[in-house]
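With the hints as constraints, model all of the structure from the sequences given.
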Amino acid sequence: MYAVELKEVSKHFGSVTAVNRLSLRIADGEFFSLLGPSGCGKTTTLRLIAGFEMPSAGEIFIGGNEQGYLPANRRPVNTVFQHYALFPHMSVAQNVAFGLEMSGVPRREIQRRVGEALEMVHLSGLGNRKPGQLSGGQQQRVALARALVNRPKVLLLDEPLGALDLKLRKAMQVELKALQHQVGITFIYVTHDQEEALTMSDRIGVMHKGSLLQVGSPQEVYEAPQTRFVSDFIGDTNHLDGLVTGLANGEAAVQIRGAQQPVRALTVNGVRLGQQVTVAFRPEKVLLDRQAQPDGNTLAGRVVDVVYTGSSTTYLVRLQDGQQVMARQQNAAVSPQMRFQSGDLVTLSWPVHACKAFAE
Amino acid sequence: MHIAKTLRRYPALSAWLLLLPAVGWLLLFFIAPLFIVLAFSFMQGATYGGVKAVFTLSNYARVIDPLYLSTFLRSLYIAILTTAICLLLGFPLAYFIATRPQRLRYALLLALMVPFWTNFLIRTYAWLTILRTNTGLINGTLLALGVIQQPLPLFGNDFAIVLGLVYGWLPDMVLPIYAALERLDRSLLEAASDLYAPRSRVFLRVIWPLSLPGVVAGAMLVFIPSLGAFVIPAILGGGKSLMIGNVISNQFLTARDWPFGSALSILMMAVMLAATLIYFRSATHSQARTARSEVDL
Ligand SMILES: Nc1ncnc2c1ncn2[C@@H]1O[C@H](COP(=O)(O)OP(=O)(O)OP(=O)(O)O)[C@@H](O)[C@H]1O
Ligand SMILES: [Mg+2]
Chain H
0 MYAVELKEVS KHFGSVTAVN RLSLRIADGE FFSLLGPSGC GKTTTLRLIA GFEMPSAGEI
60 FIGGNEQGYL PANRRPVNTV FQHYALFPHM SVAQNVAFGL EMSGVPRREI QRRVGEALEM
120 VHLSGLGNRK PGQLSGGQQQ RVALARALVN RPKVLLLDEP LGALDLKLRK AMQVELKALQ
180 HQVGITFIYV THDQEEALTM SDRIGVMHKG SLLQVGSPQE VYEAPQTRFV SDFIGDTNHL
240 DGLVTGLANG EAAVQIRGAQ QPVRALTVNG VRLGQQVTVA FRPEKVLLDR QAQPDGNTLA
300 GRVVDVVYTG SSTTYLVRLQ DGQQVMARQQ NAAVSPQMRF QSGDLVTLSW PVHACKAFAE
Chain V
0 MHIAKTLRRY PALSAWLLLL PAVGWLLLFF IAPLFIVLAF SFMQGATYGG VKAVFTLSNY
60 ARVIDPLYLS TFLRSLYIAI LTTAICLLLG FPLAYFIATR PQRLRYALLL ALMVPFWTNF
120 LIRTYAWLTI LRTNTGLING TLLALGVIQQ PLPLFGNDFA IVLGLVYGWL PDMVLPIYAA
180 LERLDRSLLE AASDLYAPRS RVFLRVIWPL SLPGVVAGAM LVFIPSLGAF VIPAILGGGK
240 SLMIGNVISN QFLTARDWPF GSALSILMMA VMLAATLIYF RSATHSQART ARSEVDL
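The listed protein sequences derive, respectively, from chains H and V.
For what it's worth, numbering that gives the first Met the number 0 labels the leading residue of the first sequence as 0, then goes sequentially.
For what it's worth, numbering that gives the first Met the number 0 labels the leading residue of the second sequence as 0, then goes sequentially.
In case anyone wonders, no lab produced these hints; they're calculated from the structure.
Backbone N, C-alpha and C define an ideal beta-carbon position, used for all residues, glycine too.
To list a few chain V residues with every Cβ distance to chain H over 12 Å, as calculated:
(1) Ala3
(2) Val53
(3) Phe115
(4) Asn156
Calculated cross-link-like contacts (lysine to any residue; reagent style SDA-like; alpha-carbon spacing at most 25 Å):
(5) H:Lys129 to V:Ser186
(6) H:Lys152 to H:Pro75
(7) H:Lys129 to V:Trp207
(8) H:Lys129 to V:Phe279
As structure tokens, then:
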């Protein structure tokens, strides 16, 4: 049995298809992230599960039960809203107590559980404050406590850290992950921050235009993207256009215009001979040198930009045909004669297994 | 240059300068007349209107006369009834409008206000032609059709007055409530239902307390003019059913007893002031009260 299961769920708003035949299974206790660009349907998917929107087609199961048109107040899930949606006229403790009151929990138990929940999010002394008297990070914790105190089967979080500054966000990521571990509740976490998704999730679902493109562990999604969109969206990626001149053993030979030899890349979804394809590889897989490496892929170019970012340096290299490649090198690992400047002629090399060819 | 510099140094000063026209207007046309009325209420009347500058408390002694007191209490009752009916009709209406899509909202608000572009007197006389005892639209039609033998008591009574007042002041109730509801963050309602609240609880615990400032403003905007109304009761009360506003206007225009009219005015204003203070206090209090959980924490 799954904590949440979506079967062919679609949602249309007039002529807009916000969610398109989405199927998804989320296991009990899993930290699942929905990742995708703005407008891809993440929030809508979450709202369908919460019961704020009803699907145009398809079925939604929570804990094995079909939800049908069950209203939000009768579903065993709770939501942490992007802007927290704390009740401004109630104190922090009243906010946290609200769900328990509504489900008729006895008064003594409410007091105890509210106290525990506030302790869990480190807000013990602030129960009598109004939400307006709290900082953004504290409000975020109240929203979390208000949802978790009900011990839902599933917690839905819509970009819960979106309104926090970078440092606080990083701290809360760690805390949230630890909390999820502690309470063992299934988290469905919406974000458009790929780094956040990669660091926190057990599995990630990448969405694009209402559809789920790929579901997998952070490593799978990062290392083995199934589509050009996924490889592009998650992390920095180099893309080179070329023509398939050979196919063998799940590898394609792709001729980049002006290159001395073809680039070899793993083929993904049915690449054909003579086809125009995109070759994708990560900047950190690219080695920069003055002469060619013996094996793997090699291309020559000229450094056009050098961006120093502390722990690493990113070089922008222009190939003969004008296409550009990013190469990222860890500064600590590189000897002084391997540092380059704009205008230097260099060779780029990267392993075949870290390189994929996507049909357009 | 010099002035601009001074103003920049003292921001409060420029705020006061901006207030000056309004303050001047209020002093001249509101505060000054108020003090004149207050002064008149302690003077003796002259024979043909006007006042004699002789101090007396007799005007206030007459105010307590059962005749005037009962009119006053009836006016209070009518004003409270009007406010309550306006609230019962106005809140759902405001809620309906506030939850429509943006463009429909503006259309509905416009529709709410359009009737009030017609002159107030004309609208009140229109009600007269509808409600009048024998020849009014309703009674006339029903009598002619033989549905009723006796005209219905639609005119010249409290019913007609309350109807006229509700009709006249409903938008003043709807608009502030609408403003409060429109500001209400929809995600708060979703949060409440996400936390297992059925619709009735969402209303009682979230919508109502957060719209209370609008409700209080609307109630005041309806109650105060209703209490002092004199055109509507004069026309729709048919000369039989009067409110305190009519008594006051009679004292000035017919009986020519300015000091007594002034005393009645002061009394009425005192009640309005008291009502306003109670409203404000209850607004802050009841908001705190509804906010308090059923469980004390
Ligand atoms: N109530 C609605 N009425 C009409 N269209 C809607 C509604 N809600 C969402 N949409 C549309 O559905 C699509 C998906 O919206 P959704 O809010 O799910 O995106 P999202 O992935 O959460 O984006 P973001 O990262 O910006 O929050 C968008 O094109 C949006 O305009
Ligand atoms: Mg969203």
